[in-house]
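Colleague: Protein chains in written order, with my numbering: chain A, 1 to 477; chain B, 1001 to 1394.
No lab work stands behind these hints: they were computed from the structure. Predicted model only: the values in this text are computed from it and were never measured. There's no promise every hint is true.
To be verified - In silico EDC-like pairs for lysine to aspartate or glutamate, Cα to Cα no more than 20 Å straight-line:
| no. | chain 1 | residue 1 | chain 2 | residue 2 |
| --- | --- | --- | --- | --- |
| 1 | A | Lys39 | A | Glu392 |
| 2 | B | Lys1356 | B | Glu1328 |
| 3 | B | Lys1282 | B | Asp1247 |
| 4 | B | Lys1378 | A | Asp174 |
| 5 | A | Lys62 | A | Glu176 |
| 6 | B | Lys1378 | A | Asp387 |
| 7 | A | Lys62 | A | Glu392 |
| 8 | B | Lys1378 | B | Asp1031 |
| 9 | B | Lys1378 | A | Glu392 |
| 10 | B | Lys1378 | A | Glu315 |
| 11 | B | Lys1356 | B | Asp1031 |
| 12 | B | Lys1382 | B | Asp1031 |
| 13 | B | Lys1382 | A | Glu392 |
| 14 | A | Lys39 | A | Asp444 |
| 15 | B | Lys1282 | B | Glu1049 |
Stated by the list, open to error - Stretch by stretch, here's where chain B covers chain A in the computed footprint (C-beta under 8 Å, at least three residues):
| no. | stretch |
| --- | --- |
| 16 | 144 to 152 |
| 17 | 233 to 247 |
| 18 | 370 to 383 |
| 19 | 410 to 424 |
| 20 | 437 to 444 |
Claimed, not checked - Sample of chain B residues lacking proximity to chain A, with all beta carbon distances greater than 12 Å (derived):
| no. | residue |
| --- | --- |
| 21 | Lys1037 |
| 22 | Glu1073 |
| 23 | Asp1076 |
| 24 | Ala1176 |
| 25 | Leu1268 |
| 26 | Met1372 |
Where is the CB? At the ideal position from N, CA and C, for every residue including glycine.
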Amino acid sequence: MAIAEHTIVDELLQLLPADRVLWRDYDLMLYEYDGSIDKHRPQAVVFPLSSVEVSQVVKACKRFGVPYTARGAGTGLSGGAIPARGGVLISLARMTRILEIDADNLRAIVEPGVVNLRLGQAMALYELTYVPDPSSQKACTIGGNVGENSGGPHTLRYGVTTNHTLGLELVLPDGEILQVGGTSPEAPGYDLVGLVVGSEGTLGIVTRIWVRLVPINETVKTILAVFANMDDASSAVAGMIAERIVPAAIEMMDNLTIRAIESRSPAGYPVDAEGVVLIEVDGLREEVEAQSDAVQRVCHASGALSVRLARDEAERAALWAGRKGAFAAIGRLTPDYYTVDGVVPRTKLPATLARIQAISRESGFRIANVFHAGDGNLHPLILWDSDVVGAEERVIDAGAEIMQVCAAAGGSLSGEHGIGMEKKDLMPLIFSQADVAQMQRIKDAFDPDGLCNPDKVFPTAGRCMELFARRGKAAGW
Amino acid sequence: MTVADFAIDGLTPRESVSPTTAEELAEHLRDADADGKAVAPVGGGTQLELGMPPARLDRVVETTGLNRIVEYEPADLTVTVQAGMRFGELQRILGEQGQFLALDPPLEDAATVGGAIATNASGPLRFAFGTARDLVIGTRVANTDGSVTHAGGRVVKNVAGYDLNKLYIGSLGTLAVIVELSFKLAPIPPATATVGGVFGDAAGARDAIAAVVRSPLSPLAIELLGSRQVVFRVGGYPQAVERQVRDLSALVEQHGGAPREADWDALLQGRVEARRRDVVIKAAVPISASSGVVSALERHLAALNPLVWAHAGNGVAFAACDVPSDVEVLRNARREVAALGDNASLVIERCPTPLKGEIDVWGVPGPSIGLMLAIKAKLDPKSTLNPGRYVGGI
Chain A
1 MAIAEHTIVD ELLQLLPADR VLWRDYDLML YEYDGSIDKH RPQAVVFPLS
51 SVEVSQVVKA CKRFGVPYTA RGAGTGLSGG AIPARGGVLI SLARMTRILE
101 IDADNLRAIV EPGVVNLRLG QAMALYELTY VPDPSSQKAC TIGGNVGENS
151 GGPHTLRYGV TTNHTLGLEL VLPDGEILQV GGTSPEAPGY DLVGLVVGSE
201 GTLGIVTRIW VRLVPINETV KTILAVFANM DDASSAVAGM IAERIVPAAI
251 EMMDNLTIRA IESRSPAGYP VDAEGVVLIE VDGLREEVEA QSDAVQRVCH
301 ASGALSVRLA RDEAERAALW AGRKGAFAAI GRLTPDYYTV DGVVPRTKLP
351 ATLARIQAIS RESGFRIANV FHAGDGNLHP LILWDSDVVG AEERVIDAGA
401 EIMQVCAAAG GSLSGEHGIG MEKKDLMPLI FSQADVAQMQ RIKDAFDPDG
451 LCNPDKVFPT AGRCMELFAR RGKAAGW
Chain B
1001 MTVADFAIDG LTPRESVSPT TAEELAEHLR DADADGKAVA PVGGGTQLEL
1051 GMPPARLDRV VETTGLNRIV EYEPADLTVT VQAGMRFGEL QRILGEQGQF
1101 LALDPPLEDA ATVGGAIATN ASGPLRFAFG TARDLVIGTR VANTDGSVTH
1151 AGGRVVKNVA GYDLNKLYIG SLGTLAVIVE LSFKLAPIPP ATATVGGVFG
1201 DAAGARDAIA AVVRSPLSPL AIELLGSRQV VFRVGGYPQA VERQVRDLSA
1251 LVEQHGGAPR EADWDALLQG RVEARRRDVV IKAAVPISAS SGVVSALERH
1301 LAALNPLVWA HAGNGVAFAA CDVPSDVEVL RNARREVAAL GDNASLVIER
1351 CPTPLKGEID VWGVPGPSIG LMLAIKAKLD PKSTLNPGRY VGGI
C-alpha cells in the first residue's frame, strides 16, 4: 500500500526544512549517545526553532505511534537524552534565545538551548547571576538542567535547578503548549513546575524557562585545605556543619584526582596530599571574613596539613579550574571512566569512602573521588578500558555496588545526574513497588501513550522484580 | 473532641478517627475509599477554613496521633518527623541543637507540621530561605488504595525518581495524606536585628525595597506594613549584622524615610492575630509589584477596616479585613491583582462560608487545570480526599 510508505521521517520532512531533519544513518550516529555508557540510535533527529514546531513534531510522533526524546547538549551522564527505543530525537540545541531579562523582578525567560555559562555571563551586566553551575556548564543547556534538576558545587547553600525555576512552557505529549508557573512567586493549584523539573524529559518537552536570578555577592573567598587522609578531610566537613557554618561550596578531591589535575593543567594542589577540600564562602564582606576565619579554624582543628586562602581572583580561579576540570583530567589517565553519582547523609561520608576503597580493591578498578562533600553528593570515577573484553559489565557492577552502599547508608541513587537508563533497574534499592507505582500514575496522567522519552527512570518490568522481592519491607527509606 | 469540632464550612463529619501509625491511617483511607466515604485529613485544625466547602464529608482522619521525631541527626542538618507533630514543638526540639526549620508561617500554636506543608504556609523568612518546596527533602504519604509511599529521602540533594514532594506540598490533602516529612535545616543565626522605617508616601517605601532587592545586602526578610512602613530582619555573624543595620538604615534615609522602631516578635504575633479576622486574602504578584498590590488591596478594601502587609522581597501580600456586604469588592480586587503581572493571583484564604457560595476562593483556574484534574484522577480516582475543596472543584 502506498500509504504505508509515508513514514515519520517523510512527515518530519514535510513539517520542517530539510536542513533541520537528519535521517541518514551516518548523521544519526552522532546522536546515539550522551555522556553515559549506554547507546541507542534514533530514527531521525529534528531541530525545531519554536514551541509550535516542537508541538508539531510531538503531534506527528503521536499520530505515527513513534517515541520521541528531547536532547540539549548531550552532556547528561545517565542516558536521559538517549532515544532508548529509537524514534525521533528532538534537539533543542538551536532554541538558544534569552527572551527577556527582568532585573527588577529577578527573573529571566530563556529557551531550553541556552548554555548554562552563557546565561550567567549575560546576567553579569545587571550585576545578577544564575546560580546552578554544573561542572559541564560550558556546554550543558538550561533545558537539560531542568530535565535532570542539575546541581553543581554551589548548590550547598543555594539549592539546585528546581529552586531556581519559577515557570515553564511545556509541550505536553498530546501536543498542547502549556505555561505553568511564571513571574509571580506562586499560584493556586498543584506545583507542576516542581513536578516537571527533574522528571528527565518523561512528562513533556520544556520549551521556555522562567529562571530566578540573584544579585552578585559582594565578596567571595576560596580556601584550600590539605589533609593527610580522607578521614580528616571528612571530619573537617562535618566540623563546619557542627560549627553552624554553611559555606557556598565544599568540594573534596582524593589523591588520584589531585595527581590527574596537576599533571594536566596545574591548579596548585599539592600532589602528595591524600585529600584536598576546596571551600568557598560568599556574601557580605563582614560575613565572609567571619566565616572564612571559622572555616580555617575548623580545618586546622581537624588536622589539616595546610590551609590556604586564595590571595586574589587569579588564584581563586585557578583553584576552581582544577575542580571543574577534574573529570577531564581523569580522562587523561585512562581510556574510559565511568562517573558514578550517589548521595549519603553527610555524617556517613567517611564510612562510605572507605567502602568505595574496598570496592576498588575487590574489583581491581582504580576509583577517583571528586565530589560535593558539603551535601554528601559523591562522584566516584571508575577508571576502565572499554577494549578489555567483559570490562563493561564489571565496571557497571562496581557502580551498582557503590549505589548499594549509598542506599544502605540512607542515601540516594543520584544527587544531580538523574536515573535515566543507567540506574532505572537500581530504583528498587531505595523505592518500593508501591513508591514506583505512585510515580507511574503521574507518568500516565501526563503521557498515556508512553511515547515521551520511554524506558527511563522506571525499572524494567520483570527484571527488577527479584530486586524488589529481595529488598522486601526491611529497607524502609 | 467531638465530631462537631471538625465541622468544615458547616458540614459535620459522621465520625473521626485518630490513628497512631501510618499504616493504620492508610487502612482508614482504603476503607473509606472502598465504602465511597469522603475523608478530610486534619492536623491541628487551625486552617480548616481554607478552600471551598467540602462537596461531601464523612470521616475526619486526624494526624495528631503521629507526632514523633523519626530521625534527627544534627550533624546532617536534616530531620525526619511525623506529620502530626506540632509545628512549634518541632522548632523547640531543633532549637535545642542550635538549628531550625527556616519556615515561619503565622500559625496558631495547635498547627501541625503536616498541616503547614499541606497548606504551603510560609512567612517573612521566605525571602532568604524560600518556601516548603525549598525545604522539604522527603515525604511519606498514605494513599486511598491503602499503600504508604515515599518520595525523595533524607539527603539534601536527590534527583532519584519524580519529585512528588512538590506535588503534595500545598495540595490540601487532595492527593494523599502526608504522614511523614524530611526537611533540610539551617543553623540559628548567631545574631539578629530588626530595622524599621516609615515613609511619607508609598513610592519612597517601594524604591527603598527595590534598592535592597537588587543589592548584595542579604536581609532574612523584607516586610511592608501598609504601603509606607518597611521592616527588615537581618541575621548572621554580629559584625555582618551591624553592617546590614547600618546600610539598611542609611538606605531608608536616602529614600526619604524616617527610622521607626520595630519589634520582630510582636510583628509575627500580630500576623497570627490578624489571621483571625473574618476575611484573609493572599495575593501573589511579581516582586516589583509588591508595593502596588498593597496599595491596590488597601484601596479596594478601604471600607472593611483592612490590615495589609507584604513579603515585599517576594511579591506576596496579605489583607485581613471585615466581611464585605457586596462580594463584588473581592472580585474587583482580584481583577486588579491579576493585572499586576504574569500569572498573578488572589486567593481568599479565610472567609465566612456563605461568601464561598458567591465567589470561588481560589479564583478561576488557569489552563493547567486539565493536568491537575488528570493527576487527581490517577491518585484519588474516587475523589475520596477533601472532595470539592481545592482549585477548580478538585
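Colleague: Hints first: check each against the structure and report whether it holds.
Modeller: How the hints compare with the structure:
1. Distance check on the hinted pair: A:Lys39 and A:Glu392 sit about 13 Å apart at the alpha-carbon level, within 20 Å; holds.
2. The suggested pairing of B:Lys1356 with B:Glu1328 holds, with an alpha-carbon distance near 13 Å, which does not exceed 20 Å.
3. Of the pairs offered as hints, the one joining B:Lys1282 and B:Asp1247 is violated, with about 31 Å between alpha carbons and a cut-off of 20 Å exceeded.
4. A threshold of 20 Å between alpha carbons decides the hint, and for B:Lys1378 with A:Asp174 the separation of about 17 Å falls inside it, so the pair holds.
5. As the CA atoms of A:Lys62 and A:Glu176 are separated by approximately 12 Å, the hinted pair is consistent with the 20 Å bound.
6. Restraint check: the Cα-Cα separation between B:Lys1378 and A:Asp387 comes to about 47 Å, which exceeds 20 Å; the hinted pair is violated.
7. Of the supplied pair hints, the one linking A:Lys62 and A:Glu392 is violated, its CA atoms being roughly 35 Å apart against a limit of 20 Å.
8. The suggested pairing of B:Lys1378 with B:Asp1031 holds, with an alpha-carbon distance near 18 Å, which does not exceed 20 Å.
9. At roughly 40 Å between alpha-carbon atoms, B:Lys1378 and A:Glu392 are farther apart than 20 Å, so this suggested pair is violated.
10. Distance check on the hinted pair: B:Lys1378 and A:Glu315 sit about 55 Å apart at the alpha-carbon level, beyond 20 Å; violated.
11. Between the alpha carbons of B:Lys1356 and B:Asp1031 the distance comes to roughly 30 Å, so the proposed pair goes past 20 Å and is violated.
12. In summary, the hint linking B:Lys1382 to B:Asp1031 is supported, as the alpha carbons are separated by about 12 Å, within the 20 Å threshold.
13. Under the criterion of a C-alpha separation no larger than 20 Å, the hint pairing B:Lys1382 with A:Glu392 is inconsistent with the structure, at around 48 Å.
14. Between A:Lys39 and A:Asp444, the direct Cα distance comes to roughly 26 Å. Violation of the 20 Å bound is thereby established for this hinted pair.
15. Using a Cα cut-off of 20 Å, the hinted pair B:Lys1282 and B:Glu1049 holds, with the two alpha carbons roughly 14 Å apart.
16. Coverage of a stretch by a chain is defined here by at least three residues with a beta carbon nearer than 8 Å to that chain's beta carbons; for the stretch 144 to 152 of chain A and chain B the count is 3, and the condition holds.
17. Coverage of a stretch by a chain is defined here by at least three residues with a beta carbon nearer than 8 Å to that chain's beta carbons; for the stretch 233 to 247 of chain A and chain B the count is 6, and the condition holds.
18. Chain B is given as covering the stretch 370 to 383 of chain A, and this holds because 4 residues of the stretch bring a CB closer than 8 Å to a CB of that chain, at least three being needed.
19. Residues of the stretch 410 to 424 of chain A with a Cβ under 8 Å from some Cβ of chain B number 11, which satisfies the need for three, so the listed coverage holds.
20. With a cut-off of 8 Å between beta carbons, the stretch 437 to 444 of chain A has 7 residues touching chain B; three or more are needed, and the interface restraint holds.
21. For B:Lys1037, the non-interface assignment is confirmed: its Cβ lies about 22 Å from the closest Cβ of chain A, beyond the 12 Å cut-off.
22. Distance to chain A contradicts B:Glu1073 as a non-interface residue, since its nearest Cβ pair spans about 6 Å, not more than 12 Å.
23. Against chain A, the non-interface label of B:Asp1076 is violated: not every CB pair exceeds 12 Å, the least being about 5 Å.
24. Non-interface status of B:Ala1176 relative to chain A is broken: a Cβ of that chain comes within 12 Å, the nearest being about 8 Å off.
25. With a closest Cβ-Cβ approach of about 20 Å to chain A, B:Leu1268 is found to remain outside the 12 Å limit, as its non-interface label requires.
26. Taking the minimum C-beta to C-beta distance to chain A, about 5 Å, the non-interface status of B:Met1372 is violated against the 12 Å cut.
Checked against the numbered hints given earlier, this structure breaks hints 3, 6, 7, 9, 10, 11, 13, 14, 22, 23, 24 and 26; the rest are met.
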